[in-house]
Structures are given as structure tokens and as C-alpha cells.
Amino acid sequence: MTHFLLQTSWWVPCYGLIGAVLTLPWAAGVVHRTGPRPAAYFNLLMSVLAFIHGSAIFRATWNQQPQELIFHWLKVADFDLSLALDISSVSIGAMELITGLSLLAQFFALGYMEKDWALARFFGLMGFFEGAMSGLAISDSLFLTYALLEMLTLSTYLLVGFWYAQPLVVTAARDAFLTKRVGDVLLLMGVVALASLSGSLNFPDLYEWAGTATLTPTAATLLGLALIAGPTGKCAQVPLHLWLDEAMEGPNPASILRNSVVVGCGAYVLIKLQPILALSPVALNTLIVLGVVTAIGTSLVAIAQIDIKRVLSHSTSAYLGLVFIALGTQRTGFALLLLLTHAIAKALLFMSVGSIISTTSCQNITELGGLWSRMPATTSAYVVGAAGLVGLLPLGGFWALQQGIDIVWIERPWLVPVWLLVNGLTALNLTRVFRLVFLGQPQPKTRRAPEVPWSMAVPMVSLTIVTLLVPAMLQRLTLVPLDWGYFNRVQVLALVLSGIAGCSIGATIYLHKAWSRSVYLPSRVLQDWLAYDFYIDRLYHVTFVLGVTLISRCSAWFDRYVVDGLVNGVGLASIFSGESLKYSLTGQSQTYLLTIFISVSLLGVLLTWSMW
Amino acid sequence: MLSALIWIPVLGAVAIGLWPALAPNRSRLLALVLAGITLGWTVLLASQFNAGIVGPQFQEDLAWIEPLGLSYKLSLDGLSLPLVAINSLLTWIAIYSSDRSIHRPRLYYILILLINTGVAGAFLAQNLLLFFLFYELELIPLYLLIAIWGGPRRGYAATKFLIYTAVSGILILAAFLGLTALSGSSSFNYEPLLTQALPLGQQFLLLGALLVGFGIKIPLVPFHTWLPDAHVEASTPVSVLLAGVLLKLGTYGLLRFGLGLFPEAWAIWAPWLASWAVVSVLYGAFGESPKKT
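For the record, the sequence lines run as chains A and B. At position 35 of the first sequence the residue is numbered 19 (the working numbering), and the sequence of numbers has no breaks. Counting the second sequence from 1 gives a position; the working numbering is that position plus 11.
The set of hints was computed from the structure by calculation and includes no laboratory data. Backbone N, C-alpha and C define an ideal beta-carbon position, used for all residues, glycine too. Take the hints with a grain of salt, since some may be wrong.
[Said to hold, decoys possible] Estimated spans, in silico, between C-beta atoms of each pair:
#	chain 1	residue 1	chain 2	residue 2	range
1	A	-2	B	262	21 to 27 Å
2	B	164	A	13	52 to 58 Å
3	A	-9	B	75	54 to 60 Å
4	B	243	A	29	42 to 48 Å
5	B	243	A	22	36 to 42 Å
6	A	183	B	197	32 to 38 Å
7	A	154	B	58	36 to 42 Å
8	A	566	B	262	39 to 45 Å
9	B	61	A	176	28 to 34 Å
10	B	174	A	345	54 to 60 Å
11	A	457	B	71	51 to 57 Å
12	A	532	B	197	52 to 58 Å
Work out the full structure: start from the sequences and follow the hints.
Spelled out as C-alpha cells, the structure:
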């Protein structure tokens, strides 16, 4: 039975894909009579199956040796292209997290997307999304991983662009796609280079190769940077971070997944690539620099946002920045821990936000207020999610951040303030949003807000409980030490103090809904600078976008007039010569015979030239 | 097993062509049903396919014209299976998404089914001449599909496509003939070890012909200008087939015959091929972007 379970673990990603295919009759409009709901139910059922199957495999792999499944695809000469899967408790655990959150997000979508006419298409895309991500979790070949990352890029594009009739949505989907493409193309270069350097793309072979590889420092650096580029786009890190913020135009249930596990997928790939990145100190330092810049920059940007989803999306970038720092210091275990706790807490926060948006049809936090008494389940979800994210109460975020401080305490003490700063700023930001949305006087849009229907409340409350249980889960999986005596008191104190400082500043700063944009010029300039992402998008517009446009104009001109002109010239020349030769025909067979005779003689002379 | 993938669409084309007084929606239905059967058959094959085995499966071998070395030899392996599957799927989708009130429906559906046959045959063929036959066969219906149901400049685009692809076919045929003649083999059957004895210079020559031949089909810069014209002029379902499967024939051919038959020469050229590919990618990407704005 165990053997069967392990051998069939490749089914789990297939469930999502099968669900996506099953929705086609409804999404394509072949079946009208039933409405789109059966498609949603099929997908939900498939996710349940994937989750149950995954749990069974997880139990079977617990405390077992990792196994490898290999599917041969193409074998020519000594070239063997195979798709390998890694069945270990870590990879299956990641897959479980993905299918579990996907299941909850889809359940949530049942309520959130209830009145959407394209429900079937939405669920089809979610199934595709889930399939690609869970495949990524168990992939043991860089080749397969790259293909799945591309599937993720595609499904992100389709999900962000789900409401394609809105102009902002169209640009958001395009930007998400193109930004990730930039990263992916660089990653592809790294993958191809790695393939020709090591001869195999399966991770175990790559690790073996990395152990003995002798690369020049330049080659190692270029390789490492190329491999980092893809995940930088996926995880929304500076300088490829703008898409995540824009992607918040998409439907909220997809944002739940995007901000929790999809961004994590990029970091997961980096975790898998760690031994290769370790070949290049420059790549590792780049990871740390990118992480620090993103973590602090996006934490600051988040404070100035007034769109409730964008507030949280910037904080996602910040936490993924922390994960990048962890990867730069080569602490993969800690990176996984932070990804896990962040994914669960952030998913819960997004569910809570989704409930607010669905009830009030409003994303602007200055127009909300006083929701705590009207939406108790949503409020508690927000509070628990926020507590699970920041290092203050002993929930997931606390343990993860505490370990983060612990690992840099001795080696790189200059990173400790980054940790504390991000924690404090996140606490400040979440407290600020809490005050604006849940406390204060009810606004016109929130006065008659009811609690969400059961189909949204059930997944939200379930995830609230899960978030509360994360510390127990971590202990059970022995990801955190059991013994209190192990902790460094100073570290814990510093972390808690930064959390308290953030919360108290957030709780006491002056917030006024009518004056959400400051009236004092200096602070207004600062606020705008943060609110518009340091104006990075405008900078990109006058540099990269402009440059690419100019080059492509030139290249299009070249293609149209030089390359195609040459082709048409050859065509014209042949027509013209044919037309003119036509008049030299006499119709006399002796002329033809003479021509043939002379040509054959010439050919004969040419062929036998060497014998003369 | 595999022959069905080739002959069911032919059967459908014959049925649509000869059925007396077939109404347009009936011919569409018939084409859909037969493409659906092909698709179902492909799914069945995929489920029977054993991924653990390296090498060809479901082999079929019939002697056809032995003095020429032409035999009807088909098989399926991990490389061709997904391509065959996508061919069956996209044919069905192309028929399904075709305009219901299309002009001259019987001819249209016949041609689409024939494309399916040609492409499936090319993906399955294990004989070089047989591959070439199918490779050329797929050209005729596509030419007609662009030339009859295309946009305003359809004549120009279709002729350009025809000339380019015919040149590609000639180069490939030349390479195949040269390969068999030089290696002294009596048959055109695909055997990866055929070229081991050839001197490297001859291998380069043959691989070069294959590269340009398939490079036109892929298409690589600077042989690409037929593609934008063909895509613009072809109707959407035809573009689906063109981009989805027909262009894959070029890449498939390079992998199967270029890499498979000339691994030594390929290994030496690999960096240059990669650079060529990168140039094509960048050139194509840059050339494409201003057209949308």
C-alpha cells in the first residue's frame, strides 16, 4: 500500500489539471443548462482528492528515505531527457500546503465568485494553477521545474486578467506576464548553461556535479545570477517587484494563493538550487542585497498604501525579501519555515480582506470603518492572521523570525536590524489597517455590512484555527526547538520589543480618513513617494520601456525592408528573368538540343576536371 | 494501432468528399466526430504508453517499395507522443472553432483533416522517405487553406509559404538521399547509428542541409519572413494549426534527425546553434513588440 501510494504520487498534480479540463464544457459554453456551478464542484472535488491523496503520501513518507521517480522522455545517443520527481517528506509537505491552501481558496471562491458569470473559467484556472504548483513542489528536475514555472506564469497572467474588460486589469496582467518573462528568460539561460556544464538537469546529479565542479569565478557568478533572476521575478523582489502590486486587480481567491504559495514557489526553486548558488559568493551576496532592499523598501511602501489588497501585497514582497536573505546566508531550513508560516498567515489575511471586499465592494481603507462588531469572524481572522505574521505573540511568525535573528546573530549581526525593522514596520502597518478598517466610526459603505455567507466563513474560520495551531504543528514536525532554555533572551526581547513598538506607533499615529493625504508639503511629498512605489514604474517607463520600443522599431524596419525586401527581390528577379527569357525561345528543337549538348559537355568537363 | 491516427482522418476526408449532398453543418459534424475519434484514439495510445521504457513503442513495419528503401514503418516514443497528442487535440479545436457558415465547407474540413494526417504521419514515421512524404503532404492542404480562406493578401502569403516550405523540403530530401548514399545503406529506415562511419566533413554538409531545411520550417532568422505573412493572412483556426503543430515539425525534425543522426557534428555545432537560437529569439521578440502598439 505504501509502495503504491508513493509510486502514484505523480497523480496529485494531475488532479488539479483534470479538474481544469473537466470545466471546459462549462467554460467554453457547451453546457448552458446547469449553469457554471458543476464545474466549480468538480474542481473542488479534485482538490479534495489531491489533498487526501497527498496526506496519505505524507504519512507514508514521514521519516522515510527520499525516493525518486523517473520518467524517460527522450533518449538519443548518450543524451537522456527525463522527468524526475522527488518524493520526500519536505517536498510532499510543500505539496500538501499548496493543495490545502488551494482547497480552502477554492471553497472561499465558491462564495466570493458566486455571481460571476465566468465561474467555470475561474475554477478551471485555479485547478491549472494548483496542478502546476503542486507539480513544482515535487519536481526533482530543473527542466521540469522550469516548465512548471512557465505554466505558473501563464496561469498568473490568465487569473490576473480574469476580468479582462477593465483596462487596469489588462495592463496588470500584461505587466505580470512580461515582468516574469524577463526573469524566466534569464533563468532559462541559466538552465541551458547548467545543462551543458553538468550534463544533467536532475537535482541529485546537479548536486553531485556542484560538489566537484571547477568553474571560473566569472562563470559561476553569471550562472548564479541567471538562476536568481527567475525567482526574483516570481517572488516579486526588487527590481522585478511591481507586478505583484498591480496583480491585486485580479479576483481575491487567486490573490490568496498568489500571495501565499505562488510567490513561495520561486523561493522554493532557489532552495532546490542552493548547492549550485553556493558556488558563487557574488550570487549569494546579491540574494542578500536584493532581500534587504526589498524587505525594507516594500515595508515602507506598504505603509503609504490605501488599497487594502495592495497593503498586504507589499508586505508579501517584504517577507519574501527575508526569505531571500535566508537563502543568501544558506539557511534553507529557515527559509522553508518562514515560507510555511508566512503562507498560512498571509492566506488568512487575504481571506479576511476578501470577505471585506465582497461585503462592502470597496478596497479603499479610508472608506471603511467600524467593521469589528458587524463582521466578527472576519475581524478575528484578520487579527489572528496579523498575529501569525509578525513576531509578537508566540504564533508562527514569531518562531520563524526568532530563528531568523538567531541565524544571523553571530555571523552577520548587521542583518539583525533588518529583521527588527521589517517586523516593526509590518506590525505598524497591520495595526494601522486594523484601526482604519475595523475600528472607528462606521462609514456609509460599512454601516449595513453583514458577516459573509457560510461558504466564505467556513474556509476562513478553518484557516484561523490552522493559523492558531501553527506552533503546535511546527513542534510536531520538529521545525522549532522544544526547549525554552535554548533561546537567547536578548533576541526574543528585541523581537518582541520591535513588534510592540510597531503596534504602538500604529495604534497612536494620527489617522484621519478625510485627510489620508497629508496637508503638510514635506510629509505629503514623502507620502506620495512611498505610495507610488518610489516612482520606480515611471523610471522604468523612461528607461527600459523606451529603449525596448526604440530598438524594436528599428528591428521591425530592418525586418520589413531589408530581410523581407531581399526575399521579395529574389522573387522579383526570378519572375523578371523568367519573363525575359520567355522571349528568347524560338521553338526550334535544334536550338534546344544544342543548348542541352553544350551544358552537358560543360558539366562533364567540370566533373572530370581533376583527371585531366 | 498507430496507423489509425493516420488513416481515420483520411477516411473522414474521403467520406466528406464523396457523401452525396452533404449539408454544411453535417460535414462539420462528421469532421468533428472523426477528429474526436482520432483524439480518443490518441488518449487511448497515451494510456497504453509505457513511460518506463526507453525507445520506440507500438512499432509497425510494412515493406512498401523495397528497391527504393521505402517502408511503411511507424512508432511512437516519448518525444513524438506529446506532439501527436497536441496534433489530435488542436485539429479538433480548429474544427470546433471554425466559423459555422464558412465558405465551401466540405473542402475546408477535408483539408483540415488531411493536415492532421500529414502531421501525424510525419511525427510517427521511422523511415526517412516516409517522413519526407508526410512532410510534403501536409504542405498542400495548408497552402490551399491559406490561399482560399485567407485575408486580403492571401495569394502572396500562400505562395511565399509554398515556395519557402518546398525549398525546405528539397533540402531535407537532399540530406536524406545524401545520407543514405554516403553511408551505403540500402534502406531509408531511421537508425541512429547510421552516420557513425561518415567522415566529419560529410556529416557537416548533411547536417547543414537539414539545419537550413528545418530552420525554414521552425522558422529561424533570417528564413522567417514567410511566417508573419502566413499568420496574418490565415484564418484563426488555420493559424492555430500552423503555430500549434506545423511549426513544431521543424523543431521535431531537428531533434529527431539532426541531433539523432549526427550527434558528433551536432555536439561540435551546438554552441553556434544555441547562439543562432538566441539571435532568433531576440530578433523575433523585438520585431514583434511595436506591431501591437
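Hint check:
no., hint, verdict
1, A:-2 with B:262: 21 to 27 Å, "26 Å, holds"
2, B:164 with A:13: 52 to 58 Å, "33 Å, violated"
3, A:-9 with B:75: 54 to 60 Å, "42 Å, violated"
4, B:243 with A:29: 42 to 48 Å, "43 Å, holds"
5, B:243 with A:22: 36 to 42 Å, "40 Å, holds"
6, A:183 with B:197: 32 to 38 Å, "36 Å, holds"
7, A:154 with B:58: 36 to 42 Å, "40 Å, holds"
8, A:566 with B:262: 39 to 45 Å, "41 Å, holds"
9, B:61 with A:176: 28 to 34 Å, "30 Å, holds"
10, B:174 with A:345: 54 to 60 Å, "59 Å, holds"
11, A:457 with B:71: 51 to 57 Å, "55 Å, holds"
12, A:532 with B:197: 52 to 58 Å, "55 Å, holds"
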